[in-house]
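Protein chains in written order, with this note's numbering: chain C, 1 to 123; chain H, 1001 to 1407.
Fair warning: there could be bad hints in the mix.
With the Cβ distance kept under 10 angstroms, some of the chain H side facing chain C (calculated, not the full set) [stated by the list, open to error]: (1) T1267; (2) S1269; (3) L1320.
No wet-lab data here; the hints were simulated from the structure. Since the structure is predicted, the reported quantities are computational estimates derived from the model, not experimental observations. From the three backbone atoms N, C-alpha and C, an ideal C-beta is built for every residue, glycine too.
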Amino acid sequence: MGTMNILVGQEQGNVPVTVLKIEGDLDASTFKDLQDKAAELINEGTANILLDMGQVEYMGSAGFRAIHAIANMLNTEQKEGMYKSEHIKLLNPRGEVARVIKTLGFDSFLEIHEDRAVAIASF
Amino acid sequence: MKLEQKTKILRSCQFLAGAQEEILLELANESGLLEIPGGNTVVTKGDAGSTMYFIASGKARVHDGDAILAYLTEGEVFGEMAVLDSDVRSATVTTETDSKLISLERDALWRTVSQSPAALKSIIASVLQRERGIVHEVTARTEQLLAYEKELEIGRRIQADFLPEYVPEIENWEIASYFEAAREVAGDFYDVFELKQGNYLAIVIGDVCDKGVGAALFMTLFRSLIRATCQYGMLSQEADLDDASPEHTIEVLQKSIELTNSYIATTHSKSSMFASVFFGVLDTDSGELSYVNGGHESPVIFRSGGEYDVLDVTGGVLGLFPWAKFSIASAQLNPGDFIFSYTDGVNEAKNESGDQFTEERIFEMKDFSWNDGNEFLDEILRRIHAFRGDAAQSDDITMLALRYLVV
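Please build the complete structure, drawing on both the sequences and the hints.
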């Protein structure tokens, strides 16, 4: 079981974007912390979340389920032709995490960015 | 607290029921008095301890972490076990309410009660009584566990019905499968069934996230929805056609996956449960395979000439986002070709250092010569076991393979 830290940052693009920088392992022992942190921020008014995955070493299915749960919390009405969530996006997944995202086809649900500024401007 | 009051409390305890007045008085004289606010831990499991406690007032909780073993109130004792056998504390005791405790040291207890066989007798009786209580509790819990185990066994048997009992026999095709759950119930599934019209064979392999009962429940849901939507879709075709058209087959495949995805993503959204699914429809006459790969490990086609191709994902996992789209892709199988599909129990099998078996070791099977599909699957298993060494199987292992026979 891994350990994980979350650093919260606020950015202003076209809209306010909350950046959650995750450090460590996103697995069955830590996903709840991410989900709870996101729920707290959403309660306080956060509408757009960028998950900075650059420092995530491992992500298991619990991590993907947490991202889905957060996407649900941020849920807005589906627009015609919209096939990716507009309110939660991923930044810079690396190594094994990037491989699993590709294997599970999560890149077909979520926008994945490599550049922080571009990611923030995309919301 | 006065000596008489302490004596009165000690007298009321079953622990010292047989002790004469002078013994009680002597013990009271040797004892201390503690006032502990509610919520404080008095003894901690695993610690050494030489003090036992009589509850004069208040309430305490005997526990092991979150598991509560007992509640104790006025007239009851704790900490006596470590005092009697000099071992470490066997459980933690925390006050529930503000409590008054009379404390007694091991030396004082032994020194005093050793003068009184009657006092010793009641101490022994009270320890045995507690022991009997524990035996009773353990027996009750064991019975409960056995009942759960039986339920799980029923679940396992019912779940086995959600896997094909036998695979269809198709002219010019050989089908081999393997399924091994890591626990009693599994999240993996596979399915092979003929479609009602035309020479089409549906092949499905999937893996529900997570493990245990939750995954097993969703496995039955995914498997049933895929089979039902697919067969219903084929049946809905106009009855006067002898064969299903390839276009219709592809449409059925796509609809089936989309309906399954949107049903679970909508109805069971709160569970955030998903499955990776490879779903192919094979034209057994021509060898053309149309497929959707929803976030599943890429099946490998080992060509008769020694080359291999992988069938990459065409969409994400099923069950999360109702609006998700899945593309159809196709591949041509020729006589002598062999398609091997599997779940991540194969490529992510771990050895004791935590290294994974990986796809590369699956690709290496291209150089293995074999006569029938089961021999191929057995060899993969042999290699997984050899790689894994003494590390335990951590995930379900499922494999489904088809060979286009050369005739």
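Evaluation of the provided hints:
no., hint, verdict
1, T1267, "violated (13 angstroms)"
2, S1269, "holds (6 angstroms)"
3, L1320, "holds (5 angstroms)"
This entry does not satisfy hint 1, going by the numbered hints stated previously; all others are met.
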